[in-house]
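Q: Under the working numbering, think of the first position of the sequence shown as 758, with each following residue one higher.
No wet-lab data here; the hints were simulated from the structure.
Be aware that one or more of the hints could be misleading.
[To be verified] Lysine-lysine pairs mimicking DSSO-like chemistry, simulated, CA-CA at most 30 Å apart:
{"#": "1", "residue 1": "Lys866", "residue 2": "Lys767"}
{"#": "2", "residue 1": "Lys902", "residue 2": "Lys866"}
{"#": "3", "residue 1": "Lys810", "residue 2": "Lys849"}
{"#": "4", "residue 1": "Lys767", "residue 2": "Lys810"}
{"#": "5", "residue 1": "Lys987", "residue 2": "Lys949"}
{"#": "6", "residue 1": "Lys919", "residue 2": "Lys1034"}
{"#": "7", "residue 1": "Lys1072", "residue 2": "Lys1129"}
{"#": "8", "residue 1": "Lys790", "residue 2": "Lys810"}
{"#": "9", "residue 1": "Lys849", "residue 2": "Lys933"}
{"#": "10", "residue 1": "Lys902", "residue 2": "Lys849"}
{"#": "11", "residue 1": "Lys849", "residue 2": "Lys836"}
{"#": "12", "residue 1": "Lys1034", "residue 2": "Lys949"}
{"#": "13", "residue 1": "Lys1104", "residue 2": "Lys1169"}
{"#": "14", "residue 1": "Lys1034", "residue 2": "Lys1008"}
{"#": "15", "residue 1": "Lys1072", "residue 2": "Lys1104"}
{"#": "16", "residue 1": "Lys1034", "residue 2": "Lys860"}
{"#": "17", "residue 1": "Lys1034", "residue 2": "Lys1098"}
{"#": "18", "residue 1": "Lys1074", "residue 2": "Lys1098"}
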Amino acid sequence: MAELAELVSKAEKVLREGLILCDSCLGRLFGMKGYGMTNFQRGLALKTLLLMKAYEQATREVDEPLVIALAESGFEPAKVLARRLRLSFEEKVCQLCRGITGKVEEIAKLVASMLAPYEYQTFQVGVRLPASVIAMEERLWRAYKLAHAESLKNELSREVGKALQRFTGRAYAYEKPEILVILDFPELDLGKLQVEIHPAPVYVCGRYLKLVRGLPQNPWPYEDERVRFKTSIEELITAPMIKLFEASAAKLHAAGREDIDARTLGSGRPFVVELKKPRRRNVDLLELERVINENSGGLIRVQHLRYCTREAVRKYKSLAELARKTYVARVRFAAPVSAEKLSELEKAMTGIVVEQRTPTRVLHRRVDKLRKKVVYRVTAKQLSESEVEFTIEAQGGLYVKEFIHGDGGRTKPNVADFLGVPVESIELDVVNIEEP
């Protein structure tokens, strides 16, 4: 009882000292007290107790200042009593929330209408308030030693969220919501409310085959004679996705990249597409796969599309450096190569560690550093006196062309040095990328 008396006493002091607080804002000063109550109900209960204290019907004793303070805060029973007692008062807007806590239903209906075009099952509500409002709350808490107060930001987030659940039938999620709604109040004025809708990204994983040479993985901003097509793997995959998911944009995250003039065949390269601000979250992936492949003009092919999570992005980035990859390289040498020397190379190049400085061809855009990569196996199939097809199994991140031609000594050991014959040309295909 003593604790309750202290709460009532603090509420009385706040009102007597001229602060005009609505029921919700008064109740929120003690928001961590009680269970299963709204702040509106707490404030209403406190004002009821204070009005009972202010007017003793049996003796007709009236605490006029307290009655007036309650009436000016908008408490209806106090307004009725003040009029009956002919006490002069002027009802005023809440100095803290400016009446916004009484407009939760309106806010929720507005947000529900804005969410109508989106597919989602879970949501979360965030609130931005003017710094002056936050500062005023903190001054109140310190001045009246209110250890159990709740912030206006928390109350608006919770109450609008509860109303949205009723209006939309969707669930409020405290973690990983499919849509985040931000209520931005530059001023505590419903007419100036700015609502931001932030759908969580949708992630789609799969594998792509690159069927031609001269096609970059991403839009290519450089002048490059190797580029034969005015598009990229990323654009061919993401454009249909953006359309079907009604997304604002999309980003391709692949497990490494092949050279522009290399193909990716066999099992294909793992990738994940991050679709940003999608309105749709559930697309038939078999249909999506068909659309991408039909629209690609035979340049690429995707397969095994499936929904995944953000974790796939990190996984595929690490996969680029760790995965075991298999390459087939058709190499033309400047002079004939002996079968005996190729047999020796197969034995010598199996299970070795190759040291590579950043290749000359990418030094203009990558830092010059030393990399060490494992070559697990090399096999050689002689096609003619000076042409050989190599199958190379190696750790991800190996620059395979440089491993073959040596890059002027920047890669050691290398195939050209071992055979003692310079390389004239290389046609490279990626044929397998293991996925742990």
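Q: Are the hints correct? Go through all of them and say.
A: Status of each hint after checking the structure:
no.: 1; hint: Lys866 to Lys767; verdict: 35 Å, violated
no.: 2; hint: Lys902 to Lys866; verdict: 36 Å, violated
no.: 3; hint: Lys810 to Lys849; verdict: 22 Å, holds
no.: 4; hint: Lys767 to Lys810; verdict: 14 Å, holds
no.: 5; hint: Lys987 to Lys949; verdict: 46 Å, violated
no.: 6; hint: Lys919 to Lys1034; verdict: 24 Å, holds
no.: 7; hint: Lys1072 to Lys1129; verdict: 21 Å, holds
no.: 8; hint: Lys790 to Lys810; verdict: 21 Å, holds
no.: 9; hint: Lys849 to Lys933; verdict: 41 Å, violated
no.: 10; hint: Lys902 to Lys849; verdict: 25 Å, holds
no.: 11; hint: Lys849 to Lys836; verdict: 12 Å, holds
no.: 12; hint: Lys1034 to Lys949; verdict: 24 Å, holds
no.: 13; hint: Lys1104 to Lys1169; verdict: 16 Å, holds
no.: 14; hint: Lys1034 to Lys1008; verdict: 12 Å, holds
no.: 15; hint: Lys1072 to Lys1104; verdict: 33 Å, violated
no.: 16; hint: Lys1034 to Lys860; verdict: 28 Å, holds
no.: 17; hint: Lys1034 to Lys1098; verdict: 57 Å, violated
no.: 18; hint: Lys1074 to Lys1098; verdict: 37 Å, violated
Comparing the model with each numbered hint stated earlier shows that hints 1, 2, 5, 9, 15, 17, 18 do not hold.
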